[in-house]
Amino acid sequence: MAGVQIDVRWGTQPADVTNAKPPARIVIPVNNKNLDAAYIYQNTAFANDSLRFADGDTQLVYRFNLADFSNPDFTLEVFQNYLIDVSADGVHYTVTHDYSLIDPSHPRTGGNNVLVTFDPDDYGAQTEFYIRIRNTDPSTGWGGSVRLLVIRQYAG
1238 MAGVQIDVRW GTQPADVTNA KPPARIVIPV NNKNLDAAYI YQNTAFANDS LRFADGDTQL
1298 VYRFNLADFS NPDFTLEVFQ NYLIDVSADG VHYTVTHDYS LIDPSHPRTG GNNVLVTFDP
1358 DDYGAQTEFY IRIRNTDPST GWGGSVRLLV IRQYAG
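Numbering (my numbering), first residue to last: 1238 to 1393.
Just so you know, these hints were derived from the structure itself, not from any lab.
Every value quoted in this text rests on a predicted model; they were computed, and no experiment measured them.
Virtual Cβ for every residue (Gly too), placed ideally from N, Cα, C.
Warning: the hint list may mix true and false statements.
Pairwise CB distance ranges, derived in the manner of DEER restraints [claimed, not checked]:
id : residue 1 : residue 2 : range
1  : 1347      : 1265      : 12 to 22 Å
2  : 1365      : 1265      : 13 to 23 Å
3  : 1341      : 1261      : 38 to 48 Å
4  : 1277      : 1251      : 20 to 30 Å
When the alpha-carbon atoms are kept at most 20 Å apart in a straight line, the in silico DMTMM-like pairs for lysine to aspartate or glutamate are as follows [stated by the list, open to error]:
id : residue 1 : residue 2
5  : 1270      : 1292
6  : 1270      : 1286
7  : 1270      : 1314
Input sequences plus hints: build the corresponding full structure.
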């Protein structure tokens, strides 16, 4: 019989979980109250009471010093016509999410909210990690919008 064989051996003592820690989670609303200011690297985007948005050719760039975190990942709640790219050095960016590939009609009503999560290790980031939010069509409004930033840290 072809396949995989798995052997399970149960110990007599329960696992020691006295020092186990759940992931630390920081949830930051993203809007004109600037609670995300510590992570903003470049900002030509706009903000209101509910969100930040990159209309026209504006952009919002977050920079995270990875030494400040333990095995982090970063999640954004984004919507509208978002173009998101990431970088390990703030110079060379890789596009990760382009809403125009999902819906080229450049919607103006929202309702396409999505959570996108980035693990800096996936992009070779060792000291810093950058996330840039832009508009899929810089000649129009209704660009990439961000409502929430979540930073999770995992015990390493």
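Practice problem: Tell me, in ascending order, the numbers of any earlier hints that this structure violates. | Solution: Checked against the structure, the only hint that fails is number 4, while the rest are satisfied.
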